[in-house]
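J.: Residue strings, one per chain:
Protein chains: 2
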Amino acid sequence: MTEAAKIAERYIDLWNETDAQSRKKLIASAWTEDATYVDPMMKGQGHSEIDALIGAVHQRFPGFSFVLAGAVEGHNDRVRFSWTLGAPDAGPIAHGTDFGFVAADGRLKSVTGFLDQPKA
Amino acid sequence: MTEAAKIAERYIDLWNETDAQSRKKLIASAWTEDATYVDPMMKGQGHSEIDALIGAVHQRFPGFSFVLAGAVEGHNDRVRFSWTLGAPDAGPIAHGTDFGFVAADGRLKSVTGFLDQPKA
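Residue numbers (the working numbering), protein chains in the order written: chain A, 1 to 120; chain B, 1 to 120.
Hints are supplied without guarantee of correctness; some may be wrong.
[Claimed, not checked] Between beta-carbon pairs, the in silico distance windows are: (1) A:Pro92 <-> B:Ala20: 42 to 50 angstroms; (2) A:Asp77 <-> B:Pro92: 24 to 32 angstroms; (3) B:Ala20 <-> A:Thr18: 54 to 62 angstroms; (4) A:Ser22 <-> B:Glu3: 39 to 47 angstroms; (5) A:Pro88 <-> B:Gly63: 47 to 55 angstroms; (6) A:Asp13 <-> B:Thr18: 41 to 49 angstroms.
[As the list claims (entries may be wrong)] Calculated pairs, SDA-like style, for lysine to any residue (alpha carbon to alpha carbon, straight line, at most 20 angstroms): (7) B:Lys43 <-> A:Phe99; (8) B:Lys109 <-> A:Asp39; (9) B:Lys43 <-> A:Gly74; (10) A:Lys109 <-> B:Val102; (11) B:Lys109 <-> A:Gly113; (12) A:Lys6 <-> B:Pro40; (13) B:Lys109 <-> A:Val102; (14) A:Lys109 <-> B:Asp39; (15) A:Lys109 <-> B:Ala103; (16) A:Lys109 <-> B:Gly113; (17) B:Lys6 <-> B:Thr97; (18) A:Lys24 <-> A:Asp105.
Because the hints were derived from the structure by calculation, they are not lab data.
Here a beta-carbon is modelled for each residue, glycine too, at the ideal position from N, C-alpha and C.
Using the sequences and the hints, build the whole thing.
T.: Next up, the structure:
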C-alpha cells in the first residue's frame, strides 16, 4: 500500500469511528494540531472542532459509514481520494472527493471536501 | 457564471495562450505573486516559473489546447474543475482535475493538478 493509500484508509477509519475516546486518538494521530477541514456544508480547525463535525455527521446519519471509492492518488505532499456514504442495507446517499495536504510527519494539515455527482 | 466558473475559465484561457506577452499578463491577473502550482510531473512558484512550465507544455504538445470538462465547483476559498488536453482533429490525450485556493483578491494562490482516468 502506498503512503497516500495509508493516509486515506486511516482518514476513512476515523470518520467511521463512533467511540468518542477512540476517535479522539485517531484524530490526533492523523491530523496536525492546527489542521483545517472544509467542505460545502461545514468547516473546522484543530482536533476538537474536527471531532465535533465528525460527531455531527454520526448524529445526522446513525449507522452509516464511509467507504473509499476508486484509487487513492498522491504526489508531492498532496493526496486525493473519493468515497461514498451509505448504510449496510441501502445504496450510497452521498459521493465525495477529498483533497489533502500532508505535513512532514505524515499527518494531514488541510483537507477540502467536494461532493460528487454519482456516475450514471 | 459563478465566481468559481470565471476563475476556471480564466485559468484555462491562460494555459492555452501561446503569445508570450499576453500570457504573462494573464498570469499576473490570475495568480498571486507567490502562487504555487504542482502536479505529478512538474511544479513551480511565482509568475515566471508558472509561465515557464506552461510554455514547456506548449513546446511538448504544439497545437493542443485545454478544455474545461464538466461543472466547475467552488465553496469557501476553494475551487475544483476538470479538463481535457487535446488537438482539434483528435480525441483528448489527457484528462485531469485541478484544485485551487483562491486569495481574497480573487487570484489563485495554490493549484494542485491530478491526472484522471478517462471515463469508460
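J.: Each hint needs a verdict: does it hold in this structure or not?
T.: Verification of the supplied hints:
1. A:Pro92 <-> B:Ala20: 42 to 50 angstroms: 48 angstroms, holds
2. A:Asp77 <-> B:Pro92: 24 to 32 angstroms: 28 angstroms, holds
3. B:Ala20 <-> A:Thr18: 54 to 62 angstroms: 57 angstroms, holds
4. A:Ser22 <-> B:Glu3: 39 to 47 angstroms: Holds: the Cβ-Cβ distance is about 40 angstroms, inside 39 to 47 angstroms.
5. A:Pro88 <-> B:Gly63: 47 to 55 angstroms: Once the Cβ atoms are compared, 52 angstroms apart, the range 47 to 55 angstroms for glycine 63 of chain B and proline 88 of chain A holds.
6. A:Asp13 <-> B:Thr18: 41 to 49 angstroms: Holds, at about 47 angstroms.
7. B:Lys43 <-> A:Phe99: 18 angstroms, holds
8. B:Lys109 <-> A:Asp39: 19 angstroms, holds
9. B:Lys43 <-> A:Gly74: 14 angstroms, holds
10. A:Lys109 <-> B:Val102: 18 angstroms, holds
11. B:Lys109 <-> A:Gly113: 18 angstroms, holds
12. A:Lys6 <-> B:Pro40: 19 angstroms, holds
13. B:Lys109 <-> A:Val102: With a Cα-Cα distance of about 18 angstroms, the restraint between lysine 109 of chain B and valine 102 of chain A holds, given a limit of 20 angstroms.
14. A:Lys109 <-> B:Asp39: 19 angstroms, holds
15. A:Lys109 <-> B:Ala103: 19 angstroms, holds
16. A:Lys109 <-> B:Gly113: 18 angstroms, holds
17. B:Lys6 <-> B:Thr97: Status holds; Cα separation ~16 angstroms.
18. A:Lys24 <-> A:Asp105: 18 angstroms, holds
The earlier numbered hints are all upheld by this structure, with none contradicted.
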